[in-house]
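Chain residues, written in single-letter form:
There are 2 protein chains.
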Amino acid sequence: MDEIIEEPGAGRRSRGEGRGAAARRASRSGGGSGPAMPYITRKIQPYNVLDEEGLQLIEHNADIVLEEIGIEFRDDAEALELWKNAGADVKGQRVHFPKGLCRELLKTAPSEFTWHARNPERSVRIGGNATVFAPVYGPPFVRDLDGNRRYATIEDFRNFVKLAYMAPSMHSSGGTVCEPVDVPVNKRHLDMVYTHIKYSDKPFMGSVTAPERAEDSIAMAKLVFGDDFVENNCVMLNLINANSPMVFDETMLGASKVYARHGQASVVSPFILSGAMSPVTVAGTLTQILAEVLAGASFTQLIRPGAPVLFGTFAASISMQSGAPTFGTPEPALVSYGAAQLARRMGLPFRTGGSLCASKVPDAQAAHESANTLNMTLLAGANFVLHAAGWLEGGLAACYEKFMIDQDQLGMMQKMAQGVDLSESGQAMDAIREVGPGAHYLGCAHTQANFQSAFYRSALADNNSFEQWEIEGRKRVEERANTLCRSWLDSYEAPPLDPAIDEALLAFIAGRKDSMPDAFT
Amino acid sequence: MDEIIEEPGAGRRSRGEGRGAAARRASRSGGGSGPAMPYITRKIQPYNVLDEEGLQLIEHNADIVLEEIGIEFRDDAEALELWKNAGADVKGQRVHFPKGLCRELLKTAPSEFTWHARNPERSVRIGGNATVFAPVYGPPFVRDLDGNRRYATIEDFRNFVKLAYMAPSMHSSGGTVCEPVDVPVNKRHLDMVYTHIKYSDKPFMGSVTAPERAEDSIAMAKLVFGDDFVENNCVMLNLINANSPMVFDETMLGASKVYARHGQASVVSPFILSGAMSPVTVAGTLTQILAEVLAGASFTQLIRPGAPVLFGTFAASISMQSGAPTFGTPEPALVSYGAAQLARRMGLPFRTGGSLCASKVPDAQAAHESANTLNMTLLAGANFVLHAAGWLEGGLAACYEKFMIDQDQLGMMQKMAQGVDLSESGQAMDAIREVGPGAHYLGCAHTQANFQSAFYRSALADNNSFEQWEIEGRKRVEERANTLCRSWLDSYEAPPLDPAIDEALLAFIAGRKDSMPDAFT
Chain Y
1 MDEIIEEPGA GRRSRGEGRG AAARRASRSG GGSGPAMPYI TRKIQPYNVL
51 DEEGLQLIEH NADIVLEEIG IEFRDDAEAL ELWKNAGADV KGQRVHFPKG
101 LCRELLKTAP SEFTWHARNP ERSVRIGGNA TVFAPVYGPP FVRDLDGNRR
151 YATIEDFRNF VKLAYMAPSM HSSGGTVCEP VDVPVNKRHL DMVYTHIKYS
201 DKPFMGSVTA PERAEDSIAM AKLVFGDDFV ENNCVMLNLI NANSPMVFDE
251 TMLGASKVYA RHGQASVVSP FILSGAMSPV TVAGTLTQIL AEVLAGASFT
301 QLIRPGAPVL FGTFAASISM QSGAPTFGTP EPALVSYGAA QLARRMGLPF
351 RTGGSLCASK VPDAQAAHES ANTLNMTLLA GANFVLHAAG WLEGGLAACY
401 EKFMIDQDQL GMMQKMAQGV DLSESGQAMD AIREVGPGAH YLGCAHTQAN
451 FQSAFYRSAL ADNNSFEQWE IEGRKRVEER ANTLCRSWLD SYEAPPLDPA
501 IDEALLAFIA GRKDSMPDAF T
Chain F
1 MDEIIEEPGA GRRSRGEGRG AAARRASRSG GGSGPAMPYI TRKIQPYNVL
51 DEEGLQLIEH NADIVLEEIG IEFRDDAEAL ELWKNAGADV KGQRVHFPKG
101 LCRELLKTAP SEFTWHARNP ERSVRIGGNA TVFAPVYGPP FVRDLDGNRR
151 YATIEDFRNF VKLAYMAPSM HSSGGTVCEP VDVPVNKRHL DMVYTHIKYS
201 DKPFMGSVTA PERAEDSIAM AKLVFGDDFV ENNCVMLNLI NANSPMVFDE
251 TMLGASKVYA RHGQASVVSP FILSGAMSPV TVAGTLTQIL AEVLAGASFT
301 QLIRPGAPVL FGTFAASISM QSGAPTFGTP EPALVSYGAA QLARRMGLPF
351 RTGGSLCASK VPDAQAAHES ANTLNMTLLA GANFVLHAAG WLEGGLAACY
401 EKFMIDQDQL GMMQKMAQGV DLSESGQAMD AIREVGPGAH YLGCAHTQAN
451 FQSAFYRSAL ADNNSFEQWE IEGRKRVEER ANTLCRSWLD SYEAPPLDPA
501 IDEALLAFIA GRKDSMPDAF T
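In the order they appear, the protein sequences are chains Y and F. Per UniProt numbering, the first sequence starts with residue 1, numbered consecutively. Per UniProt numbering, the second sequence starts with residue 1, numbered consecutively.
In short, the hints are calculated from the structure, not lab data. Among the hints, erroneous ones may be present.
As the list claims (entries may be wrong) - Stretch-level coverage of chain F by chain Y, calculated; a stretch enters the list once three of its residues show a Cβ under 8 Å from a Cβ in chain Y:
1) 323 to 337
2) 451 to 459
Claimed, not checked - For the chain F half of the interface with chain Y, some residues (derived, Cβ under 7 Å), not all of them:
3) Thr41
4) Ile44
5) Pro46
6) Pro245
7) Thr281
8) Ala358
9) Asn372
10) Met412
11) Lys415
12) Gly419
13) Val420
14) Leu422
15) Met429
16) Ile432
17) Gly438
18) Trp469
What you are looking at is a predicted structure, and each value in this text was computed from that prediction instead of being measured. For glycine and all other residues, C-beta sits at the position ideal for the given N, C-alpha and C.
Make the full structure from the sequences, and use the hints.
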């Protein structure tokens, strides 16, 4: 797809005001605890766990899987017909790929592209040295600010969109930040997409639970960005999970086809709990992931050459004792590091990681597991990071307090990604000369000149003395996060939205809702 | 120093039994939740944040610091005399080093050596691809199992030595695991060294708070290992902090001289809170660290060429708002990664990191900060890791619960360090063929054959369903850690110690204690 650098919605009339002013205001209002950060441009190198020989071995094995075992496309006839025409060997729903076919098809996929926000200042790059964080995706439950665990509602959904909008280190609004189960299942995508547009101006994701819901997402995006812009630029990233092992189901293929047809991005992600959906080994899991991604990602290019597509990897393991999913453990980290290397060799943007954990509360287990995952995510060089904040309980619950704690950690990753400043000021030889042996740097000129930006400043960490901490009520970090979260939600201000667009969106939603009966399953 | 591979204590008489049998029993009894792990031999690569140009720049700047600014050696005349004779320019206590002098002296320092334990099966390698974990060092307080924060006692000291002995992922017994403030300050080192010998058979550290306490540590080690063995092998690692910026004080130099003279290892560690003891920048801090280590480490070679010495780095920052130390933030991680690179180029073993945090309780803040530090520690390729478990509250308190949580994480690092198994079993192609699209791997032959060792198994993480977790009492990880800690301490069994050695140690201690009045300051 061509990268048409065009003002979103340009040419649409009845705008209440110019986009530039709105953007500037939105930029100011977005920072919950500081100015909004742009997406990350990594200046540090990715970390590698496989050498050339290992990479070639896994690529060779994945080719064998694709050719000899094959991948199932559980779709209507269209997908299978497309594969037949492309030269694959199709037996029932099983597609066998001649060596090199998938890689050949993927040559048309962009290695980098822009994911456009309705506020152009919030648009982000996907690929290369860019890293973009997005909130947790998919939880049916929330752990709310009163410590209750309950089903999520559209109000929770709205709150997490607001928090993601306000979090300086969060670069996108995400997608299904939680499942608003109080809205009929066949209509909730309309409210979700609307909420992203209305309450945030960061880039958002589309619905993937049915082809018609993907079409609705596209239609709503067109009301915001304009028809031509959407058809020629990426305004939505869309999560297309493989049904591992080695299956793409009808729902995911249906959504992927819609998005690819309209030039929107698919994040093709094997969803792997090693030991259940893949072998118990890292190399075996990587082989299967690579085969699945090669098949699923190249499929988007059959639909529309040039459609953006990501190499996705959701990696966790199961407990071999209980079968329960585990997070933050070493083996999935090795999988993600390895998958990132395979993606770079393929020239596709890469998605993995986040702040994953199995814990039921935002305790030290949650933090250890999340930090193990998040440190890996940054160093692996992930380009798109779903579940970067708010994930609790194996993804079953979105947690307000954990969202706040996680977004603080994302800010640290952003600083880490800047690497070492080797400028003259960075070298600080003047400071070392000025201070000399036995003195201190607190008051020296270099410190005075740089103290504002010197170190990442956490809004949640308590670094005070024990005595001061006692005086302040012996609070744990989740209590401080709770307070900060309430204050953000209280002070939230929506970014401006052209009333005409708002009206058009509401009218579209009303029409679509009227056209179908409520469904809750 | 020659690596004399000699059985510790060989030739000493009056041993109650052969060392082999004792070692085997000790090995069995050591594992609190599983078999003891050997020290880590990393199969993964270290992570680099500086390129060749950056490294050369910092080395160049450090040479300027050494030559033009100089380092203060606040010692009696001996150190200054040694430097004069070596060709340095000494003005008062300030030593200026001609370019290349320190590096030339360091050519005699070993790049790898063995740190011997009284049980040879517990001896560890320091340097190269080896990583060795040690407990927290130095806290005057403990956070005990009843949740109280109080001054540490010799009983706490004993408990942490027991826990370090039982923790499968802990490779050494450490040093001042906490300050036993109920023992006179001038006698406490005797009880500390004795406790390490009596209650553990893992390698331990010596006292550095005065030259005569270092001599006592040596004397006690000789009662265990034999005179010749000690003089020719490393049986103690010893923490020699620089008094940053650019000062080595009399206490540290005194201890370092004693240990180097007896061929024992010095861990020369600039203790850096950036912004106070070093510039606010990463590159400036690295320059100062390198200069300090070059001076302090090469000094050990003036005392005894070949004495083992480590490039140490304790890196943290201060809050520029409050002046309080902060941990787990990005800037010190960059410092440690960079320092590791500088150490590798110098051919010295490297010490950094641990499980550092500022939090007052083992909450998510503690865990995030610790995990950020620990992940960096492993990937930086640290050879010796002090504070690997139990550190709380900026190092002011040793926490029982956090010790248990941390040691679980150390086990994860150990697994991570194994990297990706690319053997035929690792590739798992048979499993992928057997299972095929749409099935699962739970029962396949490959999974059955490998499930025991497939994934790191945490003894503390709760991966169960929310409902199961509720039934089990809604416990946070520190509650589970508390229970596990109590059960370890209840089931502790001391490793065997030759009664004759025990008697000799107790007699030595009694004699030394009788020779001086109690001092508490």
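Checklist entry - What are the numbers of the hints that this structure violates, sorted from low to high? => result 3, 5
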